[in-house]
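Since the structure of chain Y is already known, use the hints to place chain L on it.
Protein sequence lines correspond, in order, to chains Y and L.
Counting in our numbering, the first sequence runs from 1 upward without gaps.
Counting in our numbering, the second sequence runs from 1 upward without gaps.
Worth flagging that the hints you see were computed from the coordinates, not collected in a lab.
Errors might be hidden in some of the hints.
A pair counts as met if it fits within one copy or between any two copies, since identical chains are not told apart.
[To be verified] For lysine-lysine, the following DSS-like pairs were computed, each having C-alpha atoms within a straight-line distance of at most 27 Å:
hint	residue 1	residue 2
1	Lys88	Lys36
2	Lys294	Lys64
3	Lys323	Lys352
4	Lys339	Lys144
5	Lys323	Lys88
6	Lys85	Lys294
7	Lys88	Lys106
8	Lys169	Lys227
9	Lys352	Lys362
10	Lys36	Lys294
11	Lys227	Lys158
12	Lys84	Lys100
13	Lys339	Lys168
14	Lys100	Lys85
Protein chains: 2
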Amino acid sequence: MIQEKLIEREAQFFIMYSSSNDPNFYYATRFRIPEKAFYMVGDDGTELLVVSEMEKKRAQKESKVREIASLSDLGFYEKLRNEKKGVKEAMAETFIELLKTHHARKILIPEEFPSFLYQALMPHFDIEIIENPYSSMRAVKNSKEIERIREVSGINIKAFNHFLKLLKKERDADRLRENVEAYVFSLGYVAENTIIASGTRSSDPHYLGHGKVEQHVIFDIFPKCRKTGYHSDFTRTVVIDEDEEIEDMISACIEAKNKALKTIRDGVGGDEVHNTVCDVLESFGYSTLRQNSKEGFIHSTGHGVGLEVHEKPRLHEGGEVLKSGMVVTVEPGLYYPDKGGVRIEDTVVLKKHECEVLTKYKDYVRLET
Amino acid sequence: MIQEKLIEREAQFFIMYSSSNDPNFYYATRFRIPEKAFYMVGDDGTELLVVSEMEKKRAQKESKVREIASLSDLGFYEKLRNEKKGVKEAMAETFIELLKTHHARKILIPEEFPSFLYQALMPHFDIEIIENPYSSMRAVKNSKEIERIREVSGINIKAFNHFLKLLKKERDADRLRENVEAYVFSLGYVAENTIIASGTRSSDPHYLGHGKVEQHVIFDIFPKCRKTGYHSDFTRTVVIDEDEEIEDMISACIEAKNKALKTIRDGVGGDEVHNTVCDVLESFGYSTLRQNSKEGFIHSTGHGVGLEVHEKPRLHEGGEVLKSGMVVTVEPGLYYPDKGGVRIEDTVVLKKHECEVLTKYKDYVRLET
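Bound-form chain Y, shown alone (with noise of 0.2 Å):
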C-alpha cells in the first residue's frame, strides 16, 4: 500500500519521526521505543529505521525492518561536536543527507509528522502530506489481531460481571474503579479512566465518576492487553432504582444499537451508521448533534479500535467506508444535564454480510438486590 501510494504520488521515500507510543509508527516497525527515531521506506521497498547506538542492536534483533543504522553511523555526533550544532538541527541535518544519499527528490511524510523536521526538510525536497497509509492499513485487521481482540473484549465481559458482583456492596465509584481495573490487571490486560458515572454529572460522556454510585451507572471500560497492545471498548448502563425517563432513554439507545448492528457490514459508510442512530433516537424525540442540539446524542455512533481505543475509522458525519475485517464500536448515548447520561456499547467485528459482536452481553441490565 504505501509503495503503491509512493508510485501514485512519483515520490521516492515516505518517513515517519516517532516513538512506539505512535500506532502507527509500532505497527509499521513492531518495534517498541520509548524514545522517537526516523523510518523510511522506498518506492523500491528498501527500508531504514534510524535509533540511537544503544537501541541498534535490539532494532536488529526485534524490529521487523530490514535495514537499521545508528545515529552515530550517519555522523550525527560530528555535526553536535564539530560543527556545534544544536541537538534538533544536527539531527534534521543528518536525515537530510541521509535522504540526499538515497536520491529522495519528493517525500510524503503523514498529517502528524513534527512541523520543525517538515520545514528543515522544505528546502531540500519537494513534501507532500498525506494521511498516514498505515492509519487506513490498521483499520482492516487480519485474523490475529481479530483474535486478540476478541480475548480483549472476553476480559470486558468478565471485568463487567465482577463489576456487578462488587456493586452490591460496594457504592463509592473510585474503590469500585480501583478493584475492577486490580482485576483487570491481575488477568493480564490493562484499564485506566474506566468511567463508573453515575448521577446527573453521567451527563458528561467522558465523566470518570467520583462519590456515590446511585440511581444509574454507566460503566465503560477499554483495556489493552499488556502483551499485544490490543484493545476493546465495551459500556452498558445500570439500573439500580426505577426510573421512567432513564430506562425509555436506555431503551431508545438499545433500539439504536441493534438497528445500527443490522446495518454494518462491508460497503457501508460510517456516516450511514450514524445517521441509523440518529433516525431512531430522533424518532423517539430526542435530539443530536446533526440538529445542532447540545443535548442528547453529542458523540459519534463509534470507531475503530485496535492497537488505539480510539482509531480509524469514524462512524460519524464524514466518516469512511465500511470494510470486512474493521473492528468498530458502535455506542449510541443520551445526555441530559439535569438528568444524567445512559450509553450502550458493542465492539463488532466487519463481515462481509454482517457484523459479529466480540463484546455479548444482555442489553438492558438491572442491579438484582
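Same frame as chain Y, now just chain L:
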C-alpha cells in the same frame, strides 16, 4: 513564561493541537482528553480551549483553561456540511477563522505541532516554530510535584525488595515481571515494560528480558502513579553468581554514579555531569560513546522524570544547564555483547548546592541465598 516568549517574539498566540497523551498539553490545560483538541494562549493572557461538543461541559468543570468553546460553537459542522469540506480541512479552517477573529498575525507553534495544520496555517499567519515552552516549564518541579515523585520513588524500592524476595524461588523473567507489576498495580501505580534482563542479551540496554534469570540481572522499573500521572525511575544490577568482570563493571558504574551525584547542583551543565561519568568509566578502562565506541557506555547519563519517564533535561552531549527543582536520573551502564550489561540508576532532585537521592537503596546488591 509563555507570555514573555510571545512578547519577545512579537507574536500574539502560542497554539497546540494535541491530546492529554501529550504531557505538555496536559500540563497547560490539566484536562484529560483522549482526542486532539486545540489550545491557544495569547500575549495578553487570554486562553481558549476548543473541544468537541461532548467534552465542553466537562472541560468547563475540569480543565484549568478559562474559556472553552466547542467545534459546533465555532461553525465546524457548517463547513463540513454546507461547504462539503473534509474533516481535517474543516478543522483547519475553523482554527484559522478563530485566530483571525482574535487578530492573530504572528503565531508560535511547538516543534512537535502536526505538519498538516502548520501547512494550512502558513498562508494566513507569520509562524515561528519554537521548542515547546511547557517542556522547559515542566523540567523544573514545584514542591507538590517533587512530593509526588518522592512517593513513586518509594514504590520503586518496595517493588525491588519484592523482586529480590521472589528471586529466591522464581527464575523466569516473564513470570517475575508479571508478579512485580501486579504488586505495583495493587499499590495504586502502574509499571509496564519493567526490565528484568539477564545473560548476554542484557547488553542491549532496553532488552526487556525473557527466559531464565541467571548469573546477574538488571532490574529497571519506572512506574507511574495512576492518580497523579508522575513517574520515578530506578535500576539496580543484582549479582547472582560470582563473576569478577561483571562485578568490576558494577563497581565502576557505582563510582561513576556517586561521583556524578556529587557534581549535580543548580547551575551545572547536563553535559558536564555526562562527562564526569565518562571520565570515571574511561579511567577504569571502559569505552564510551563520546569516544565513538559501540560498546561500553553507549547511552546518556540521564534524563528528567515527571509526567513522562523521559523528559527534559538531558544529561548528555548538548544537554541543558541543570536548575534547582529539576528531577533527573543518573544511570551509568556498561554493555559488552559477549559479557552482558550492567546499570545502576537513581532518581534525584536538584537543590541549590547539592542533590537529594529519592530512590535510596544500597548500590551493590548480591542475591542472598
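Okay, the hints, checked on the actual structure:
| no. | hint | result |
| --- | --- | --- |
| 1 | Lys88 - Lys36 | both (12 Å within a copy, 25 Å between copies) |
| 2 | Lys294 - Lys64 | between (47 Å within a copy, 22 Å between copies) |
| 3 | Lys323 - Lys352 | within (8 Å within a copy, 60 Å between copies) |
| 4 | Lys339 - Lys144 | neither (43 Å within a copy, 37 Å between copies) |
| 5 | Lys323 - Lys88 | between (41 Å within a copy, 22 Å between copies) |
| 6 | Lys85 - Lys294 | between (52 Å within a copy, 22 Å between copies) |
| 7 | Lys88 - Lys106 | both (22 Å within a copy, 23 Å between copies) |
| 8 | Lys169 - Lys227 | between (33 Å within a copy, 24 Å between copies) |
| 9 | Lys352 - Lys362 | within (25 Å within a copy, 61 Å between copies) |
| 10 | Lys36 - Lys294 | between (40 Å within a copy, 20 Å between copies) |
| 11 | Lys227 - Lys158 | both (18 Å within a copy, 24 Å between copies) |
| 12 | Lys84 - Lys100 | within (22 Å within a copy, 39 Å between copies) |
| 13 | Lys339 - Lys168 | within (23 Å within a copy, 57 Å between copies) |
| 14 | Lys100 - Lys85 | within (20 Å within a copy, 36 Å between copies) |
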